[in-house]
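Can you build the whole structure from these sequences, using the hints too?
Here's the letter readout for the chains.
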Amino acid sequence: MAFETAQSVLLSGIVLGSLYALMATGLSLVWTTLGIFNFAHGIFMTIGAFIAWQVGTDLGWGLGPAAGIALGVAALVGVGCLSEFLLVRPFLSRSGIVMLVVITTLSATIFLENSTLLIWGARYKQMPPLIEGKVELLSTAISAHEVLMIAIAPLTLLTLWVFLKFTRIGSAIRAVSQNQESALLMGMNVPLLYSIAFGLSAGLAGFAGILLGSIRFITPGLGNEPLVKALIVAIFGGLGSLGGTIGAAYIIGLVEAISTFFIGLYWTPAILFAGMIVVLLLRPTGLFGKK
Amino acid sequence: MDDILIVEKACKSFGELRAVREISFTVDAGEIFGIAGPNGSGKSTLFNLITSIPYPADSGRVLFGGKAIHRMRANRICRAGVARTFQKETAFDTLSTIENVMLGSVYGHERPDTPTAQRRTREALAFVGIAEDQYGRPAGELSVFDKKRLMLASALATRPRLLLLDEPASGLTKPEIDETIELLRRVNAEGVTVLVIEHVLPLLLTVSNRLMVLNQGQELTTGRPDDVVRDEHVIEAYLGSRGKDDGRDS
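Going down the list, the protein sequences come from chains Y and U. Our numbering numbers the first residue of the first sequence as -16 and each following residue consecutively. Our numbering numbers the first residue of the second sequence as 124 and each following residue consecutively.
Because the hints were derived from the structure by calculation, they are not lab data. Please read all numbers here as calculations on a predicted model, not as lab measurements. It is possible that part of the hints are untrue.
Residues on chain Y that point at chain U, a partial pick, calculated with CB under 7 Å [to be verified]:
(1) 40
(2) 152
(3) 164
(4) 167
(5) 169
(6) 170
Pairwise CB distance ranges (calculated) [said to hold, decoys possible]:
(7) U:263 / Y:134: 34 to 40 Å
(8) Y:81 / U:308: 42 to 48 Å
(9) Y:261 / U:177: 35 to 41 Å
Backbone N, C-alpha and C fix where the C-beta goes; we use that ideal spot for every residue, glycine too.
So, in structure tokens, the structure goes:
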């Protein structure tokens, strides 16, 4: 393999990894805090992209990309909080909450996918790149938008880490994920903290959707494939480990890029699933998960 | 003296098992009130009903400072001024010792600004005697005794008026139990009313102003510790009929 090709594959893997890191961290945050999988995470990504398109592009309201991103992410935080209230909170005290939330979030996905179809129609849409032009990176020409994705994903995740580590609410979210009863006994409003975690997670999904909406067509099913990848990343990295999830996102991104180049696009999901199964057989807690 | 806690006919059942049966008692402001009883007598369940963690009572009333709290959410009960520790050492294991206590300061009964919360956090840690070099350590790495003290510091950081302690001496060595007794007295001397469950009777007899003994979910007797330990129903509950016979023989 030529050196330039290797660099190109590497950059492609890092771009994918950045996107998966944003997606899977949100998914992992909800798992860590509430102990549930949110299958509506993919549609949150789609809605984020649609709202940003509606607000930001000239075919929509034409308020510019900054307004599109801001309103898209803010709206998704709201959608996340509302979803927690409607889809999760009624079942918080039920013993079978994990399976119940699988059903409610899958149902919500179907409902919201069809709602986006009704609102925005079936015609494909695309956001213009947030930054136009090409940049030469590692002797490879890459779009400036993808460079932005590579840079912005770690910054976003660093901001999330600072929030969780150094703020009152962040500490409370980390605490409630470990012991709900003790958190209640210290006066924490546990349902509210769950809602904030869900909102943050949805905001991350929305942001990832906006970034993706510039390199892929925005359709109601935009978030379906990334959701599956994010699930693989979260499980592969070790459920409950945000750091592990981020590390796994970049590994999966690189594996996907290499596999797509050498074996083919259609075999890539099978290879990723096979890799995940092997890792789980050897390390049931995931690559970076604690026993 | 004013009653700070009134429990009226509290009941809790789990299917056919009646874990708590119409228990009523009052706790005076400023006292240390002990609750004793054999395993399965309903002591911890009674604490659960008072704090609504993890469940409230099926029926009955709980009044704290004259205000009904039995329908309140658990976090609101804490903010009203009731704190609790568990029998098992529970802490937020991946958070540092100081972060654990800080959460109590920030979210508890009073909600101070950050500098005040930080000061109270350090005061609570110093009060229970956790060494400063442990403050930055993850709570999960602390010794059993330090974890017990951490639970107490976290509870105290919420600025409670009533503190419920569930077996604070379980799993501790004799010197650690002695330190715990001293600590309970100091907590009480700060004006905090203490309700304590303990399996280790000598601890309860040493610190309690009054003692209630439960058996099979019912109140056996309540009174001064010296009187309670001579009560024949209590001797029978703890030692069985042979103990009662032995008591008569001696």
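Here is how each hint holds up against the structure:
For residue 40 (chain Y), the interface hint is violated, since its Cβ never comes within 7 Å of a Cβ in chain U; the closest pair sits about 43 Å apart. Among the interface hints, the one on residue 152 (chain Y) is violated; its C-beta lies about 10 Å from the nearest C-beta in chain U, farther than the 7 Å criterion. Residue-level restraint check for residue 164 (chain Y) holds (minimum Cβ-Cβ distance to chain U is 5 Å; threshold 7 Å). Interface hint status for residue 167 (chain Y): upheld, as the beta-carbon distance to the closest one in chain U is roughly 4 Å, under 7 Å.
Taking 7 Å as the C-beta cut-off, the interface hint given for residue 169 (chain Y) holds, the closest approach to chain U being about 5 Å. For residue 170 (chain Y), the interface hint holds, since its Cβ comes within 7 Å of a Cβ in chain U; the closest pair sits about 4 Å apart. One distance hint, 34 to 40 Å for the beta-carbon pair residue 263 (chain U) and residue 134 (chain Y), holds here, with the actual separation near 35 Å. Distance hint check for residue 81 (chain Y) and residue 308 (chain U): the Cβ-Cβ separation is about 46 Å, which falls inside the suggested range of 42 to 48 Å.
Separated by about 39 Å at the C-beta atoms, residue 261 (chain Y) and residue 177 (chain U) satisfy the suggested range of 35 to 41 Å.
In terms of the numbered hints stated before, the structure departs from hints 1, 2, listed from lowest to highest.
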